[in-house]
Every structure is written in C-alpha cells, then in structure tokens.
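Chemist: Letter by letter, the chains look like this.
There are 2 protein chains.
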Amino acid sequence: MSLLIVGSVALDTVETNKRRIKDALGGSAMYSSMSASYFTETAVVAVVGADFPCEYIHLLNHHKIDTSGLAVSSGKTFRWCGKYSCDLNQAKTINTKLNVFSDFSPVLSNEHKNSKYLFLANVDPDIQENVLNSVKNPKFIALDTMNLWISTKMHKLKSVFKKINVLLINEDEAKQLSDKNNIIQSAKRIMSMGPEILVIKRGEFGAMLFYKKNIFTIPSFPLENVEDTTGAGDTFAGGFIGYLSSCSKINFSELKKAMVYGSIMASFNVESFSLEKLSSLTLKEISKRFTAFKKITEF
Amino acid sequence: MSLLIVGSVALDTVETNKRRIKDALGGSAMYSSMSASYFTETAVVAVVGADFPCEYIHLLNHHKIDTSGLAVSSGKTFRWCGKYSCDLNQAKTINTKLNVFSDFSPVLSNEHKNSKYLFLANVDPDIQENVLNSVKNPKFIALDTMNLWISTKMHKLKSVFKKINVLLINEDEAKQLSDKNNIIQSAKRIMSMGPEILVIKRGEFGAMLFYKKNIFTIPSFPLENVEDTTGAGDTFAGGFIGYLSSCSKINFSELKKAMVYGSIMASFNVESFSLEKLSSLTLKEISKRFTAFKKITEF
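Each protein sequence line maps, in turn, to chains A and B.
Its first residue numbered 24, the first sequence is counted upward by one per residue in this note's numbering.
Its first residue numbered 24, the second sequence is counted upward by one per residue in this note's numbering.
For reference, chain A alone in the conformation it holds in the complex:
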C-alpha cells in the first residue's frame, strides 16, 4: 500500500450566490484521497454513518481508492453546512453535526500499518498520534491541523510535530501557531517545533514551501470562474502528498513540483461544487494545467 489517508468524511450542504447543494460528498479524507488518487495508490481510513450513499463508495472505488478502512457505524454521517458570500474565500459555517465522527477511533488493518506514506488530515491530534504510532515503518508523514487544536491541544500537537516530515497549514493557522505575524518568522518558529518541511497555504494567493533553509513560493493558478472553495486545502494536500508518494526520492526539486501539483489540483476543485470536477479529471488535463502553470510563472 502506498499512501494512507486518515481524516473525515462529511455530507456537505453548501450555498453560494449561484447555487445550493445538499448532502454532497465532502470531508478532508474525501478531497485529499480523490486528489491523491491521480498520482498514487491511495487508501482511506475514516468513518461514515449508515446513511452514507453507496454511490459515493462506488465513486471512490472507481478511482481505485481502497475503502476497506471506511468504517460504517450505526448512526448518521458527519454533516457540515456552510454558506459563502460573493468573495468565496471564507465560508460561514451554518452548522456542524459530528454524528458518528464524534466517536472516530481508527483501527488500522495490517496492510494499512505497512503504508509507506501517511497523510493525517485534520482530526484531533490524539487520534493523529495513535495512527502515527500504529504505522510500522512509514517513509514520509504529512499532517494538517486547525485553529481549534492549536487553541486547545497545543501540547499534544507539539508532540506530534516531532514525529512528522511535513506540516501543511494555512496562513492564519501558521500565525496562530507561531504567534508571529511575519510569514518567514512564523515558518522558522514552526520548524523549530519539529517538521523539516512546512507548507503554508494562502488560498487564492498561492502557497509557500519551507524546506531546510530553502524557500519556494507560488501564486495560485488564475481562474476566471470559481464556484466553491470547500476542500481546496485538503485537495492541495492530497495532490502534494500524492505526487510525493509517486517519487523515487524526496528532494527540494520534487517538493517544488509537489507544490505545483497541489496547487493545480486545488484549482480544479474550486471550479465546481463538492468533488464534481475533482472526481472527473484526466491525467492529460492535470498535465496540461501543470504546463500552463509553468508558462504563466516562468520568466
């Protein structure tokens, strides 16, 4: 097994100025695994309720995503309901119902324990650490987190940071985590906590990679039509770690390409609601956008 992803599965209700969708596939494990599936063999470990539509499992399997770690609990699937104003940068959460996700306690199969690449999407850092400790001999571990855990479980997060290779967070989280307003000062402080690689996601303004003493910075891929930015960060992470899982070795050059793949996967994702576009891409489209990205940034 190549890449194992542990995270959430949600049924999202999303409203923008143009459209509203109800109970659409969402959650960090879904966006990231779908994104990664274009680059590598991917397995998910997550929990859904008995109401989870079979068609979504078929969709994952159609993309050769291993769903043997998708536990179906009695009860309802995690639900998130959000609304975007016209700028689409920040959703207002209308409500969150954790449902079966509130008791999420992942148990890994022997096959999953042998995963070489691991992406711990944003869940409680206690859970992240348990998973991390049960994977036998991982080659590369990526982790995401959020403001809630930075506020409430900083001690645990710091312990987890010592065991990972790359932390992927957004700019606000980086500032909160480091208590620094400048992004480079912020990155230095975070890397002193453990991760040798740091990715700071800046939404429509791109992303930055910090690796040892090196910096790599990219704008986002310019889009004329943005529909729904839900899951963009998870999609970025999936493309990033998915690409790295396909590399024979991880060095600065491959990390830079991983940043671009993460960014373009996110750019596809925001062009539609839910996983509509992300689940219907071709490798040719991805490759074409990679070339286009190079063209619009090279000088």
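Zero decoy hints are in this set.
Pairs involving identical chains hold if they fit within one copy or between any two copies, as the list cannot separate such chains.
Below 27 Å or equal to it, Euclidean Cα-Cα: the simulated DSS-like pairs (lysine-lysine) are:
1) K311 - K280
2) K311 - K211
3) K106 - K203
4) K41 - K198
Note that these hints are calculated values from the structure, not bench results.
Given chain A, put chain B in place with the hints provided.
Modeler: This is chain B only, laid out in the frame that chain A set:
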C-alpha cells in the same frame, strides 16, 4: 530624455509599532523616480513648497534624477501622516495636507516634451491628460490611479485609458473599476476600456500582468523584516517602467522581467522607512535579488 515621471512629492510622517519618522521624503514621484533611476535616465515633474529640504534635491541629483521639472512654489510641501498597525498592509491616514500640491499644474519643458517613456503617477486624471497631450511623440505611457478618481472622475479616466499603454493599479482598485470580484474578469473588463497591458498589484501577495491574451503571475519576494510599506506600489511602478525604458523593444518576455524588477524594487523599499533603502542600493544588490527571485519561484 528617457523616462518622465509626473506625480506628487510629499513630506511623510509615518508611525509603526517600532518607529516614527517625521517629514521624511515621500510621494509617488519620489518613490517611482528613485526606483526607476537604477534602470534609466529619469526626470521628475512635480511641485514642492519653499520648505522642501535641499538635501532631498541633492539626493535625487546624486541618483542622476533630472529635477529641472521640480517646481518650488511659495507655501508648504504636501504632507501626509499615516500610522500602521502590526500587519503593515494598510496605513491609516491620520491627516493629509495638500498645501502647494492642491494647485499642481505641470508645465513641461521642451526637453521633457520629447520624453519617450512617460509614467503618470497617481494625480487628478485631468492633470494626467494635460501632460499626456503635451508630450510630443511618446513611445510608451504608463498610468496609475486611485479609488478617489474612480469614484469621482470615471468619465475622464476612461478617456485617458484610451491613450495609454499600461495601467498599474492595486487589486481593490481593479475590482472597483471593473465592478467585478474575480481578478481575471476584472482584468478583461478594464482592458476593454483601452490599456493593452494591465498590472494588478496585490501587495504582499505579489502581482499579475495581463498582456493581450497572456497572463503572468508572481508572488512577492518573501521578506523576514518589513518596516514600512509606504510607497511600495509607486516603487513597483518605477522599477517596472524604468526597466522597460531600458529595453530596445517591449514584448511579453521583457514585460515579465519588468514585473520581477518592479516587485524586487518594492521588496527593497519596504525593508526600511521612507526612501532610506531605496536610495542606497547597488546594481549588484538588485541583480542578486533578481536571481534569488528566480530561484525561489522556478520549478
């Protein structure tokens, strides 16, 4: 004469969390001409009061900036007083005293009328048009404007836009001008008003160039210490048009380089207050940062 710049000269009082400076050299014509002076012969047309310190004129002349168009009126120099919060992205204007700048009515010498490159920094579009009409045979005209003129003199601005080659504005101004929230849709609408080249400045998030059907997008140069962002946009414009003035022809390849030079000149500028750093650079430092910019963005 190569590049003629028409704009404001101010004595700025600026306060940040770390430092306060009083009556320091500022204004769009100062930042842009100092920035341009590293690339090309530059002349300024502007007005100052009788209180304008001679040392600043010496500073400009030391950089071979032609100050023969700097009119010294009886009265006081334009003053701006602003304060930055810790994030340094947006100054709060404490007060503005136009003083002699309120009667600014530039008259060009014969030599200035023969300028090949023209940068009309942010002043009243009526003044911009007068200057534009008095330059005999310009090869390339760049223009900046601001929210005030978009709100109050849109008709005049639209008339000026038809006569220029490049418009440089910031993202908020672009959105206001186009009444579009998406940056590409915004750019298309603005270019339909006249300019065949559009630069949208995004502050710490970089800048975008639109040229015919082409897009070029860059992040900003990452900085660990930002002191004062006053004049960053004007410095960008000066580097951009200054570099272009030194090119034998203007094409997409040179425009892209001009964007990078604009960006790195702005990056130097924000590392100090007023023109402290901008006025003490070497060509070697600029060239070194250009190479560094390439390194951190290339993949």
